[in-house]
Amino acid sequence: MERSDRGLLEAHRGGDPQAFAELVRRHGPAVLGYLRKMTGNADTADDLFQETFRRVHEKAHTLKSDRFKPWLFTIATRLALDGFRRSRRVTFLSLDRTEGPDGDGQTGADCLADEAACEPVEVMAKDERRRQVRQAIGGLPPRQRVTLVLAYYQRLSYPEIAEVLGCSTGAVKTQMFRALKSLAQRLPEGVGEMT
Amino acid sequence: MNGHASEDALIRVLFDLASDEERAAVQAHLETCAACRALRDRLAARFRSLDELDEPVDVPPVLLSQVATGLRRRRPFGVRGAWLSAIAAVLVIGSLATLEHLVRRPQPEDAMPPVASAPRSSPPRLQDSIMGSVGLAKADAAIEEVPPFAPASAIELNVLPRRDALQLTIYNAADLTLVRETRELTFKRGWNWLQLMWANTLIDPTSLSLEPLEHADKIEVQQLVYPPRLRDLGRWLIRSEVSGQVPVRITYMTSGLSWRAFYMGTLTPDEKQMHLAGYVRVDNQSGEDYENAQVRLVVGRVHLLDRIADLARRPQPYGSPIPDRLHSLRRAGDLSVWFENGDQDGDKLLFGMDGRNAWGMMGGMGGMGGFGGGLPVPKEIAKEGLSEYFLYTIEGTETIPHQWGKRLPSFEADRIPVQSLYKYDEERWGGQTMRFLSFVNDSEHELGQTPLPDGNVAVYRNTGQEGHLAYAGAMAVKYIPVGEKVELELGAAQQVKVEPVLMDTKTDHYAFDPKGNISGWDQIDTWRITVTNTRTLPVKVEVYRHFGTTYWEQTNAGDFGTCEKDGADAVKYILAVEPASKKTFTYVLTTYHGTRRENRR
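For the record, the sequence lines run as chains A and B. To convert, note that position 195 of the first sequence is 195 in this note's numbering; the numbers rise steadily by one, no gaps. To convert, note that position 329 of the second sequence is 329 in this note's numbering; the numbers rise steadily by one, no gaps.
Possibly wrong hints are sitting among the right ones.
What the hints assert, rightly or not - Covered stretches of chain A, going by a simulated chain B footprint (3 or more residues, C-beta under 8 Å):
no., region
1, 38-44
2, 59-67
3, 71-84
4, 159-169
To be verified - Calculated from the model, a selection of chain A residues having no Cβ within reach of chain B, i.e. all distances over 10 Å:
no., residue
5, R3
6, S4
7, K126
8, P188
Since the hints were made in silico from the structure, they are not lab data. All values reported here derive from a predicted model rather than from experimental measurement. Using N, Cα and C, we set each Cβ at its ideal position, and we do this for glycine too.
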């Protein structure tokens, strides 16, 4: 039977070396995807990813409930928001990574090598749409961005997001609505959408 | 609901933000209004573009390992503290034996080259110790014929135990260090992945080698894979018929470790004998911490086909101009192929020589492994002759973290007879008198058992007053073979002066050609040389005089000591000058010019 997140965290605190690895394996992809969308930079997301799990390790004793996932995303969100504040002062760009700015680790060559996207024109169009989406999300204020990414991509419920952000569900819905209203103007036209 | 549904209302309905009343009203309106339905569909299509970024994310193994490494390093040993600072060769083992039920993907050729067929004997009986230590072995289960493909996200990460043994052999001349380490790895029966990362280190990935020290017939290291798009990472594919802990030896080359020798000489008050202490300083800029390492230092020139540091910084370990040669290296000893004139049997070259002649016990530094800790146990640096190379082995083990340097005593020799000498030669040093100290690297001088590596020599003089030392001078010396004389130039002397003064000059004995023009003459110079010794010790002084021609005659007068020719156009005076005294002599130099030279060939 699969152990619960809380059980794994307790086991980690008890010295089980595999427990933490299981937690990282279980939630790592979601956290990394979230951080990449929040930061738009793979290097920064990698750094925040490590920092997130470092804090999980350090703060393991503070989790009192069984709600590990909101707690985990609270940590990741705080780090991401702190990152926004810092990034207003200075921006680091990696010169040696070849991946795209969305941090998905895909180069143009990789896309071309992808069996699912063998048409270069399609690849380019998809890239352009992705760029526009990234740009639209990146243009949102930080709290709206957090709300949108957690709700849309991480499938957290509004009450869970409220727990992450430490606010009411109503406030979350307000942020979400504002984000969507803004995105409605900025997102690229959908495939097959007629204007 | 009055009129059409607003865009705001449609957004709220689409994303479950509307109240029950609003949702009911909008849905009712949509059933009757094609325009609003169209608007809703356009909005929905637009928001669907958000899905462009909704792709599954795989956490790169490098990142997983960094997390694991970071945790490990935050535990009691926070040696380098920085969470994000890179890892030096962190080993993680990914065992796929337990993951075989996971999705099996087709194996891309670029990611996993074809595997040579491995011996497929029936599962052997495992030794009790292995079985007992783990108790997981399924000895009766067959091992998959084809190695499983290991997608990055499916690797189960386990941080390996620390190194059990570590040996560094530092080849100073080539910025090259051979690292041999032994670790207890836990294998599962079946296919195992062993992952090595060398981010931010200077490890040459083309030199990686792994060999099991036990169960060699049951553990087969099949290939080393460099996954695409993952830098500074390689994975060994290992087929194991045993389950449990097995010691393995991992060997690789790295750059960034260096050593240098230096010496401190202390002259006795009469400057006739010297106490000489040799030290070795080892510096680690390799990016990796080396703990409790046996350190061996090689003196001698090594010929490399490529620089290790360059290899380490290459984005891809393969594609090197030398990998074929290097990949063929099965054992560390095969390093010998890199020597210009070395024995082709590397093990013999490194380990098989006789004549181990440890000498000199050191004091001061030491301590078994670690800076500033442990008992002040003197270390011994043993030396072995390796043909024209020499191997110095530091006794015990040392811990040398990244960016640290460590000084170790090498040898000590007392009462070495030395000669103190002053030289004056205007052509070489202008008007300065230079001080030299000489001795021979042989048994008569309490040395001579090994060559002395390049290094700086600092010489002090014991003034005899409560053991106070006075700085005498320092210089860099080249490699000193056994039996060779060493002459240390200690710099300009202040208390011994040589002053030549031209007292008289004239020409004479002119010769004329048939037309009455001058065809030859003699130049006659009279020089007075004064040698002053203001020291409290007698000194020996060599005064060189160059004449600029090979046609000359000279007569000396006064207290000139001995005078001997030094080449065709110079003489050397050797004088012994008592303390606080001076000697003066003169010489008359006649040089011949033009036809006056003809009868003097």
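Quick rundown of the hints versus the structure:
1. For the region 38-44 of chain A, the stated coverage by chain B is violated: 0 residues have a C-beta nearer than 8 Å to a C-beta of that chain, whereas at least 3 were required.
2. For a cut-off of 8 Å, the count of residues in the region 59-67 of chain A with a CB near a CB of chain B stands at 0, and the three-residue condition is violated.
3. Given as covered by chain B, the region 71-84 of chain A fails the check, having 0 residues with a CB less than 8 Å from a CB of that chain where 3 are the minimum.
4. Evaluation of the coverage hint for the region 159-169 of chain A: breached, as 0 residues show C-beta separations to chain B shorter than 8 Å, against a requirement of three.
5. With a minimum CB-CB distance of about 15 Å to chain B, R3 (chain A) clears the 10 Å threshold, and the non-interface call stands.
6. With a closest Cβ-Cβ approach of about 20 Å to chain B, S4 (chain A) is found to remain outside the 10 Å limit, as its non-interface label requires.
7. Distance check for K126 (chain A) against chain B: the nearest CB is about 7 Å away, which does not clear 10 Å, and the non-interface claim fails.
8. Against chain B, the non-interface label of P188 (chain A) is violated: not every CB pair exceeds 10 Å, the least being about 5 Å.
Checked against the numbered hints above, the structure violates hints 1, 2, 3, 4, 7 and 8; every other hint is satisfied.
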